[in-house]
Structure formats: structure tokens, C-alpha cells
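In case you want the letters, here they are:
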Amino acid sequence: MTELPGRRTSPRILLVHTVTFRQARQFVPALIPLVAVTGFGGGRTTIILLAVGITLLSLLTATLTWWRFSYADGSSAVVVTRGLLSRSVRTVPTDRIRGVEVETPLLHRLFGLVRVRIDAAAGAVSGNDEELVVDGVPRDEGDRLRTAVLSRRAAPATEPGVDGVVAPEPPDEEFARFDNRWLLYAPLVGSYLAIPAAAVGAGFRLLDELGHNVRPELKRLDLGGGWVPAVSIAGVLLLLLAVGAVIGAALVNWGFTLDRRGGSLIAVRGLLTRRHTELEIDRIRGGTVSEGLGMRWMRAARINALVTGLGDAARRGQLLPLGPRASAWALIRRLVDDPGPLVAHPPAARRRSIVRAVATGLLVSGVGIAATVAAGWWWILAAGIGLTVLGVPLGLGRYASLGHAAGPRSFSVRSGWLVREQVILQRRAVVGWRVRQSFFQRRAGLATVVACVGAGTGGYAAVDLAAADVASFTAAASEPWAAEFAHR
Amino acid sequence: MPAVASPVRDPAWQVSRGAVGLWVTEGIIGAVVLAIGAAAFLLFVPASVGGPVPFLRWAIPILVAVDAVVTVGVRPRLRYRVHRWEVTDEAVYTLTGWLSRTWTLVPISRIQTVDVTRGVMQQLFGLASVAVLTASSEGTVRVPHLEADVAQRVADDLARRAAQVRDQAT
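Heads up: the sequence lines are chains A and B, in that order. Numbering of the first sequence is given in the numbering used here, commencing with residue 8 and proceeding in unit increments. Numbering of the second sequence is given in the numbering used here, commencing with residue 51 and proceeding in unit increments.
Simulated from the structure, these hints should not be mistaken for lab results. Heads up, a few of these hints could be off.
[Claimed, not checked] A few chain A residues facing chain B, derived, Cβ under 10 angstroms:
hint	residue
1	Thr-70
2	Trp-73
3	Pro-400
4	Gln-444
5	Ala-483
6	Glu-486
7	His-494
[To be verified] In silico negatives: residues of chain B with every beta carbon more than 10 angstroms from chain A:
hint	residue
8	Leu-92
9	Ser-98
10	Ile-112
11	Leu-113
12	Val-120
13	Thr-121
14	Arg-151
15	Arg-203
16	Ala-212
Every residue gets a Cβ at the ideal spot worked out from N, C-alpha and C, and that includes glycine.
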């Protein structure tokens with residue numbers, strides 16, 4: 008390929024990186040013993056000197072990184088050259104590029120910069136190594152780079168236009184738009200609840216590092232027991248957790264839109280960090296509709312696309328981060344044919360589900376009987392009986408989630424109780440079938456069928472299908488080769 | 051074969067007879083290791099320690115003995131009876147397992163790579179395994195313990211045919 012002039016990132020990124028200590032962060036482990044040797048307790052001057060020193064170090068490393076970094080997008084490949092001492096040149100052929108993501112963290116936005124991530128995942132391999140990051144180009148250049156790379160990949164035969172004039176086309180079709188009222192669903196989703204919890208954890212770590220003299224006297228908060236304060240504290244904590252989840256969800260999903268532009272779906276979202284993700288519709292093989300226990304009460308659902316060869320798919324594949332079930336289904340029907348209503352699994356599956364759910368309780372009860380006789384520990388028996396009784400609705404709930412369906416061009420499987428997940432996949436998505444039958448499943452005439460798919464988690468299971476239905480389901484849900492399963 | 055019918059057709063061909071010898075040898079090695087561990091327990095942990103130790107002193111040797119009988123005497127033969135494989139015009143098809151069973155079917159058009167591996171023990175018995183990989187992490191077919199020359203021929207044949215019929219390899 009021809010030698011291309013390397014492009015540089017904007018010098019304004021130096022400021023961003025200096026402030027965030029992006030490159031200097033790696034020296035922190037080395038600095039800690041240094042600080043320990045010089046002694047932190049040297050008064051105000053030492054601290055000021057240290058702060059100035061670290062900032063200068065940060066500026067220096069940021070400058071070096073910026074100076075040694077260049078990128079070039081040619082007609083056949085994207086080349087990134089970097090490295091302080093040892094030079095590394097990474098060349099990613101344009102046809103290997105799976106997607107381009109443009110994100111704008113808050114500081115970047117202040118300086119009018121964006122960060123471009125070019126995803127070059129190879130097959131099922133995941134990891135940061137599969138990504139080219141061009142950090143800190145002006146917004147226009149970011150858009151140009153994204154459009155240039157994607158248009159070349161989409162049409163390798165045609166000569167791309169003059170660089171820099173590819174204007175962002177208007178959206179062809181709007182697929183989804185986030186309604187801010189949907190943020191109220193956030194406390195029902197585990198991952199959003201984790202955001203305030205993580206913040207609290209980080210706060211405690213900070214307190215720990217501040218040392219004893221700075222730490223506020225928490226002991227004085229010690230309450231004199233009693234139910235009322237305990238309950239009200241728990242209530243306040245729960246409320247804070249819910250509010251935190253809503254705020255967390257708002258930060259990530261603010262202004263979410265999903266548009267189709269040509270052959271791609273474009274998702275834009277985020278309050279502080281704007282993210283701009285592009286998914287090629289041709290690579291979308293299906294989607295998952297997940298509904299947690301709480302979300303089912305409120306008729307809410309989330310949608311993830313299953314895209315072949317997508318790195319970091321859990322984040323990038325999100326088509327609807329949170330919303331009413333009806334909107335979720337309307338959206339997924341636009342991407343994959345609806346395979347029709349789910350078929351329930353046989354009664355043997357219900358029996359198996361209940362037996363599995365009460366097994367733990369029965370085991371604990373058995374131990375409990377022995378313990379009651381031997382040592383008078385009746386509470387183990389009580390816990391065992393409690394678990395057994397709770398196991399019945401759990402087993403029934405798990406069974407109620409099970410279902411499968413095969414339509415003319417797509418199929419669907421559903422399972423899970425805590426988070427019920429329904430997967431809808433195109434027939435062509437299936438790259439193999441795996442049928443599993445445990446000893447007990449064989450006795451009960453059941454089998455678990457896993458559709459192997461080169462997207463998402465790699466396999467989606469129809470749990471406890473009637474053994475007699477396996478061959479017909481696999482034949483209906485994938486291309487003709489699955490007929491090999493049929494008895495001859 | 052089992053009284054209950056299989057959910058799907060069983061593949062046609064059995065693995066190499068040498069596989070039984072290999073599995074028995076592996077079982078013996080595992081049993082010896084466990085026996086050494088149990089002997090060390092009996093030697094170094096006296097019953098006077100108290101707690102569950104007196105119970106464990108007779109439970110562990112029994113468990114080790116039962117495990118040895120199963121892994122050496124029962125499992126290799128059962129596995130040999132269950133394990134089957136087949137390469138048809140369109141697909142690679144295997145059945146593995148002994149108590150629980152797994153049937154895996156992968157069409158040749160979706161094969162991405164074909165590997166032949168020969169472990170140390172396999173070399174002693176002149177065996178090799180074929181692994182057929184697809185774009186899915188779940189969709190890997192492993193045909194264990196074929197005669198080495200058969201495995202090589204199968205792998206070459208599959209790789210050649212996959213290159214001819216490969217469609218959108220996902």
C-alpha cells in the first residue's frame with residue numbers, strides 16, 4: 008500500500024491528558040515508595056512541590072505520547088503509529104473493521120474533541136487489544152474518520168471521495184428515542200443499582216486512604232437501638248439507592264436515540280460522555296429481550312442486539328437500554344421476524360424444575376433432622392423446610408419462563424427467572440447445534456438444545472425440551488443441514 | 051444401548067478401540083494420585099485431632115476406592131459404548147459423554163479452523179483428536195481419540211471441503 012502522511016491528534020488533547028493524568032497514571036505505583044521515602048509529612052511546601060511535580064510529569068508524558076502518536080486512514084487499511092521508546096505500528100485492514108465508535112467525555116467536549124474507537128475484533132476474541140483508539144481529534148475530524156473508514160469498508164470497490172467532504176447524512180429512519188420517564192425503571196435493573204453501590208464503595212475507600220485524623224467521627228452516629236430508627240434508616244438508604252440508580256441511568260442513557268442511516272444502526276447516548284456507536288445491520292443476527300423480576304412487574308424490558316464479531320458487545324449492542332415492554336417488542340420486530348408465540352415445554356420439564364428447586368431445601372432438611380436428633384439444632388431443620396417451601400414457587404417460576412418457537416425465518420428461546428431472557432435469532436445465525444441430556448433428563452424424556460451462534464455469548468439454550476421435539480425444532484430453526492439429526 | 055430412545059440420531063462410527071486403553075490408563079493415574087493423597091491424610095492427620103477427622107479417616111479411603119473402580123473399571127467401557135462420530139456430506143456430528151450425553155452438529159459450511167492434537171498419552175496409544183472450530187465459542191466439535199492417521203485424513207478432508215463451501219463464515 009502507498010505511504011500515507013500520518014495525521015496527528017489535536018494538541019488540545021495535551022491539556023485534557025495533563026489534567027486527567029492519563030499517561031502519568033502508570034507512574035503512580037513508582038511514586039508511592041518515592042513519596043514514602045521523602046516523607047509526606049513535610050508540611051505544605053512538600054505537598055505543593057509534589058503537586059507541581061506530578062503535573063509537570065503528567066504534561067511531559069502527555070506531550071511525549073502526543074508527539075509520538077500518529078494515525079493514517081488509507082483506502083485499504085488504518086495505520087496507527089505510537090510508542091515512546093519502541094515504535095509500534097499497527098495496521099488494520101479496512102475490511103476487518105467491525106465498527107467505529109465516537110465518544111465524547113466531558114473534558115473532551117469542553118475542548119471540542121472526541122475519542123474514536125475502531126473495533127477490529129477477530130472472531131470470538133475479545134479484549135482491548137482488538138481496538139484502535141485515536142484519542143483527541145476535533146469533532147469534524149472524528150466524524151470524517153468514522154465516515155471514511157465505514158464507507159470504504161462498505162464499498163471497497165468504489166473510490167472514496169475527497170477526504171473531509173463526506174458530510175454526515177441525515178437519518179433515514181428513527182428506530183427508538185429515549186423517553187426520560189423511562190428512567191424511573193432504573194431501580195428495577197441490577198446493573199443500575201450497582202452504580203450507587205459502587206459510588207458508596209469508592210467513598211469508603213477514599214475515607215480509608217484519608218487516614219484517621221481526617222475521618223469524621225462516625226461513632227457519634229451510633230444510634231441507641233430500637234426498631235423505628237433502624238427501619239427509617241433502611242428506608243432512607245433504599246430511597247438513596249433508587250435515586251442513585253436513576254441518576255446513574257440518566258448519566259449513561261441521556262438523550263438516547265437509535266437511527267438507521269443507510270446500512271447501519273446508530274446509537275447515541277450519554278449525558279457527560281456522549282457515545283456514538285454504529286452497528287452494521289447486515290451483521291445483526293438477532294436480539295435478546297431481558298426482563299428482570301422487578302421489570303416484569305412494571306412491564307419493562309431491555310434489548311441487546313446480537314451482532315457477529317462485535318467486541319464489548321454487552322455495551323455496544325444495547326438497542327434499548329430501558330423501556331416499556333411494548334416499545335421493546337416493537338423495536339425488535341423491526342430487526343428480526345417474529346417467530347410467533349412461544350410453545351410451552353412438557354409437564355416433565357415442570358417436574359424437573361420443581362425437583363431441582365427444592366433439592367437444596369430437602370438436603371438442608373435432611374441434615375437438619377440429623378442435627379436435631381444429635382444436637383438439638385432445630386433451626387437447621389426449620390431453615391431447610393423454609394427453603395423447600397420457597398423452592399416450589401421458584402421452580403414453577405423457572406418453568407413458566409421456558410419456551411421456544413420456530414418461525415419461517417427466525418426462532419426464539421426463553422429461560423431464566425431472576426432475569427428472564429428471550430433470544431430471537433435468524434435461522435442463518437446458527438453455526439451448530441449442541442444437544443445435552445443428563446442422566447435424569449434421559450429418564451424424564453427431556454433434552455437441552457443449545458443453538459451455537461457466532462454472536463453474543465456464543466450459545467443460547469432451549470432448556471428441557473421434550474426429547475421427541477428436538478429433531479423437528481432444530482430442523483425448523485436452522486438451515487437444511489440440521490436434518491442430520493433426524494432418525495433414519 | 052439405553053432403553054429410552056435418543057432425542058436425535060446417533061452418529062454412525064465408533065472411536066478407536068485404543069481409546070479404552072487410554073481412558074483406563076488415565077483412570078489408573080488419577081486413582082494412584084488420589085490414593086497417595088489419602089495415604090498421606092491417614093499418615094499425617096491422626097484421629098486424635100477430633101472434629102470430623104475420625105469420620106473422614108474411614109470415609110476418604112472408601113470414596114477413593116469407589117472412585118478408582120468407577121474411573122478404571124466402569125467409565126472407560128461406558129464411554130467407549132457412547133462415543134460416536136460421523137462426517138457426512140454436509141456436517142460433522144459427534145456424540146460424547148457417559149452418564150450425561152452431548153450431541154454436537156456443525157455444518158461444514160460454517161467451519162472456520164480444524165485442529166489435530168496429539169497429547170503425550172495419546173501418542174503412546176497412537177491416537178489423535180480432531181477439533182473443529184466455528185465462529186461460536188460453544189460450537190466446537192471435538193472428535194476424541196481417533197487413530198492418528200485417520201484423524202489427519204479427516205482433518206485434511208474437512209479443511210479442504212470447508213474452503214470450498216464456506217459461506218459467510220459466521
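Each hint tested on the structure:
Interface restraint check: Thr-70 of chain A against chain B, minimum CB-CB distance 42 angstroms, threshold 10 angstroms, status violated. Among the interface hints, the one on Trp-73 of chain A is violated; its C-beta lies about 38 angstroms from the nearest C-beta in chain B, farther than the 10 angstroms criterion. Given the 10 angstroms rule on beta carbons, the hint for Pro-400 of chain A is violated: about 28 angstroms separates it from the nearest Cβ of chain B. Taking 10 angstroms as the C-beta cut-off, the interface hint given for Gln-444 of chain A holds, the closest approach to chain B being about 5 angstroms.
Nearest Cβ of chain B to the Cβ of Ala-483 of chain A: about 14 angstroms, over the 10 angstroms cut. The hint is violated. The restraint placing Glu-486 of chain A at the interface with chain B holds, with a minimum CB-CB distance near 7 angstroms, inside the 10 angstroms limit. Here the hint on His-494 of chain A is kept, as its CB sits about 5 angstroms from the closest CB of chain B, short of 10 angstroms. Taking the minimum C-beta to C-beta distance to chain A, about 26 angstroms, the non-interface status of Leu-92 of chain B holds against the 10 angstroms cut.
The claim that Ser-98 of chain B is not at the interface with chain A holds, since no C-beta of that chain comes within 10 angstroms of its own (minimum 21 angstroms). The Cβ of Ile-112 of chain B lies farther than 10 angstroms from every Cβ of chain A, with a closest approach of about 19 angstroms, so its non-interface assignment holds. No Cβ of chain A approaches the Cβ of Leu-113 of chain B within 10 angstroms, the least distance being about 18 angstroms, so the stated non-interface status holds. The non-interface label for Val-120 of chain B is consistent with chain A: the shortest C-beta to C-beta separation is roughly 14 angstroms, beyond 10 angstroms.
For Thr-121 of chain B, the shortest C-beta to C-beta distance to chain A comes to about 17 angstroms, beyond the 10 angstroms cut-off, and the non-interface label holds. The beta carbon of Arg-151 of chain B is not kept farther than 10 angstroms from every beta carbon of chain A, the shortest such distance being approximately 5 angstroms. Arg-203 of chain B, annotated as away from the interface, keeps every beta carbon of chain A farther than 10 angstroms; the closest lies near 21 angstroms. The beta carbon of Ala-212 of chain B is kept farther than 10 angstroms from every beta carbon of chain A, the shortest such distance being approximately 12 angstroms.
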